[in-house]
Structures are given as C-alpha cells and as structure tokens.
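Peer 1: Each chain is listed here by its residues.
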Amino acid sequence: MTKTYQYCVAENWGKGFIDHNESSRITFKGLPGDVWQVPAYNKHANLWIQKVLGTPKTRDEAQAIVDGVITQAQATWDADNVANESAEQKVDRIGDRPVLITLEE
Amino acid sequence: MPDYKGIQGTAVQNFAADPPAPVTGQVWYNSTTGQFKYKDVIPTGAWATGGNLNTARQQLGGAGTQTAALNFGGYTNAPNPTALTGATESYNGTSWTELNDLNTARSVLTGVGATNTAALAFGGFTFVPVTNPVANNESWNGTSWTELNDLNTARQQPGGAGTNTAALAFGGEGPPPVGKTGATESWNGTSWTTTPATMNTARFAMGSCGATNTAALAFGGAEPAPLYADTEIYNGSTWTEVNNLNTARAYLSGAGTNTAALAYGGQIPPAKSALTETWNGTSWTELNDLNTARGGLAVVGPGTNTAALASGGATAGSSGATEEWNAPYSATEIITTT
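Taken in sequence, the protein lines are chains A and B. If you count the first sequence from 1, position 11 lands on 11 in the numbering used here, and the numbers rise without skipping. If you count the second sequence from 1, position 42 lands on 42 in the numbering used here, and the numbers rise without skipping.
Hints may be right or wrong, so weigh each one.
[Claimed, not checked] Derived pair list, reagent style EDC-like, types lysine to aspartate or glutamate, alpha-carbon separation capped at 20 Å:
| # | chain 1 | residue 1 | chain 2 | residue 2 |
| --- | --- | --- | --- | --- |
| 1 | A | K29 | B | D289 |
| 2 | A | K15 | B | D289 |
| 3 | A | K51 | B | E223 |
| 4 | B | K180 | A | D34 |
| 5 | B | K180 | A | D19 |
| 6 | A | K43 | A | D19 |
| 7 | B | K39 | A | D96 |
| 8 | A | K90 | B | E98 |
| 9 | A | K51 | B | E98 |
| 10 | B | K37 | A | D96 |
| 11 | B | K37 | A | E88 |
| 12 | A | K29 | B | E333 |
| 13 | A | K43 | B | E333 |
| 14 | A | K15 | B | E98 |
Bear in mind the hints are in silico, worked out from the structure with no lab data behind them.
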C-alpha cells in the first residue's frame, strides 16, 4: 500500500525549526511526543527531516509514541481533581480530557 | 533560443552565498551550492515556529505585536494547587524572557494591549475553593503589574479589545447565577462602565480582537455547548451579527482589528484545531493551518492579521510552542534545472 504520510521524531527547538518556506510547501502535523507527520515521497519534507535531524518512525512506531504520551496525559487529567468541583468546572479549568489520535498511513 | 541576458538585458549574478537582501524577482546563482535561485513573494500566509515559552501553559493572556509580545497567566503542567500561574513573559521576535508575575495567578483570563510594555489583564478564575470566575483587573507598565479597579461583572474567558487605557470586555462566563453572559464593559484607564450594548449571542471561550474600545470583533466560542461560528462586530454602541466563521470552534485566538482579523487554533471537542481563517471586514476565508493544532490559546493574540503570534495552548497537556504567522512573506526559491 502506498503511504500518504511519513513520521519522524524531532524536538522543536523554536525559531527556525519550521520556517515559512517549509510551512507553505509541506503540510505539517505536530503530534504529542515530538512526533511530526509530513507527506511521504516529498522532496521538501525529506529535506526538512534532514535539517531537524529527525528520527524516522514507521506509522506504528509513531502511533505507539503518541499513544504513550496521550495515555499519560489522560491519567494526569483524571487525577487532577479539586474538591466539590463539578465536571463542567473541571473542563473550564483544564479543558477537555485528551483523546487518542489515530495516525494515518 | 533567447537566454536570460537576451530577455532581461543583464546576466545572472554569481554569488558565493545568497545575497543578504535580494529584491523581489531577483535571480542569482549560488556558486557554493550550485543552485540558481530567485526571490519570490508568497501572497498566502504561513506559520513558522518561533521561540518556545519558558513556562508551557494554556488559557493564558496575550498582548502586543508579533515581535514585541507579552504572555501572562494560564494553566501549566504543574500539579495542583500550583498549576495556576501568574508568570509573565516578553517576546522579542526570537525568544521569551521571564518578567514579573501577575499579582493574582489565574487562568482563562483575557489580555489586551498594543505593545509588550503596556497591557491590561482582566477576568479569569482562581480556586476559592473551586473554579471561581473573578473580576480582577491589572495593568502592565513594562516592568510590573498594578491592580486597578475590577470589572463590574466577574467572568472567565471574556472577549477583549483595545489597549490598557481604552479597553473593552465582553461575553464570558460569570459565577452562578450569572453563567454565560453577553455583557459588555468599557475601560477608560480608570474604571469599567457597563455599556447598554450586549452581545447578541452570550458566550465564552470565543476569539476576539480590536484596536480600541469602540471597534471590536468576536467570533466562535461556546455556551458551553454547542460550539458557535457566530461573528459579531462592535462599533462603539451596538453589536451586529455578521458572517460566520467557516468552522465553529471554541478556545481559539484572534488578532487584528474588526475589519482585518485572523482566527486561529481552537477546540472542536474533543479534538484540537489547527484551522486559520482571515476576516476582511465582510467574510472569513480559510488559510494555511497552524503546524501544531491546539486550543486554549490567548483569547486575543498578539499581532495583526498579517503578522500574528500563537503561543502556548493545549495539546495533550499545556504547550510552550510558539508559531509566527506572516502574510505575505518573502521566500527564496530554488530553480530546478535539468
């Protein structure tokens, strides 16, 4: 099956990690765990992965990383309670409970 | 076959490195990389990464411009009861620097201000003993925050517009029995006055913007459910419903004025959004997305609809990531030769 996306792990160091040129040419999807989804078979995406010293991951490897971070975030969210706080007040305070994200092939 | 010199009347210049300030349309040859290049202008905007916040946070306040911004307050990844922060950081276009904290640490507040040396922070919530919307109002002078007269109606996540001497607060969610509100208050540098005008759709968690307390724009939000795409424009005396956002969402950010605005990020529960839309005074048009989807951004983001800043927000937890929007922007393109 032909891949639509490729994945890598790269820490966002800030300014210059993704520049305007790259952003206009590549559809980035930043994911939990410093996982980045970019188009497969794309010259610009490949050059960007080289630039940021990204570690390539298969979709399944990337999925495992994202799942791990979100599962931890869910546990943190579940444990973050204030006495007498309603469910609505909790969402007001810390937002919705993080949900798992399914990565595309 | 005509060559470049035959068409243009000049030869392509040869540089060992890219020229520091090429003009739009200029073509050159980089002898080090062996590439022909030219300077282009891309009319549609794009987001690039900026310096990361020192304190990752969501539901924060913002003010200033893309290259002189201020972020303050919010909710961090620290365990309760220390998750609420009053931390204030200033951005110079490259990196964030920690400055003096808000007097009252709080989240879901709103900030306005034309620069990072003069801002206003109002509303939000604290724990007393549970989530408690507050009316606190603080002014920033470039060095420290000073408590001033409170809002008339305590509220969290109100919309905002203006400066620290002429601001507007609208909408939000007050403590019971107030709940969601469309109440609008005007700040003259000394006190808040409730205006006769109220929003047509009471809501909180909207995006908003506006340069003064007489011209504002509010869009999106929640009541807390359903989500809204509604846009309203304030002309100094009344709120008028205008064309909706293309995609309804809450906890988004806005930058600009009520005739030239940018809406970005947000939440479409349970997912975060990377959507970016621009307002031309009449309607919204979708543009390039944020590189990282997130909600819980500052209600009023620093900058304009052509040079905005997205910092912090909620991803899986609180984020410190910053992105810079520029439209149009100059790009160096490589000419592929065969």
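Peer 1: All hints are to be evaluated individually against the structure, with a verdict given for each.
Peer 2: Structure-based check of all given hints:
Proximity of K29(A) to D289(B) is assessed by CA-CA distance (about 9 Å); at most 20 Å being required, the pair is judged to hold. Distance restraint check for K15(A) and D289(B): the Cα-Cα separation of roughly 18 Å lies within the 20 Å cut-off, and the hinted pair is therefore satisfied. Distance restraint check for K51(A) and E223(B): the Cα-Cα separation of roughly 44 Å exceeds the 20 Å cut-off, and the hinted pair is therefore not satisfied. With a C-alpha separation of about 37 Å, the suggested pairing of K180(B) with D34(A) is violated against the 20 Å cut-off.
Taking the CA atoms of K180(B) and D19(A), the gap is about 40 Å. The hint is violated against a cut of 20 Å. The suggested pairing of K43(A) with D19(A) holds, with an alpha-carbon distance near 16 Å, which does not exceed 20 Å. This hinted pair does not check out: K39(B) and D96(A) have alpha carbons roughly 44 Å apart, beyond 20 Å. Using a Cα cut-off of 20 Å, the hinted pair K90(A) and E98(B) is violated, with the two alpha carbons roughly 28 Å apart.
Taking the CA atoms of K51(A) and E98(B), the gap is near 29 Å; set against the 20 Å cutoff, the hint is violated. Pair hint K37(B) plus D96(A) does not hold up; C-alpha atoms about 47 Å apart against a cutoff of 20 Å. Taking the CA atoms of K37(B) and E88(A), the gap is near 55 Å; set against the 20 Å cutoff, the hint is violated. Restraint check for K29(A) and E333(B): not satisfied, since their Cα atoms lie roughly 23 Å apart, outside the 20 Å limit.
The straight-line distance between the Cα atoms of K43(A) and E333(B) is roughly 14 Å, inside the 20 Å bound, and the hint therefore holds. Between the alpha carbons of K15(A) and E98(B) the distance comes to roughly 18 Å, so the proposed pair stays at or under 20 Å and holds.
Going down the numbered hints, you'll see the structure goes against 3, 4, 5, 7, 8, 9, 10, 11 and 12, while the others check out.
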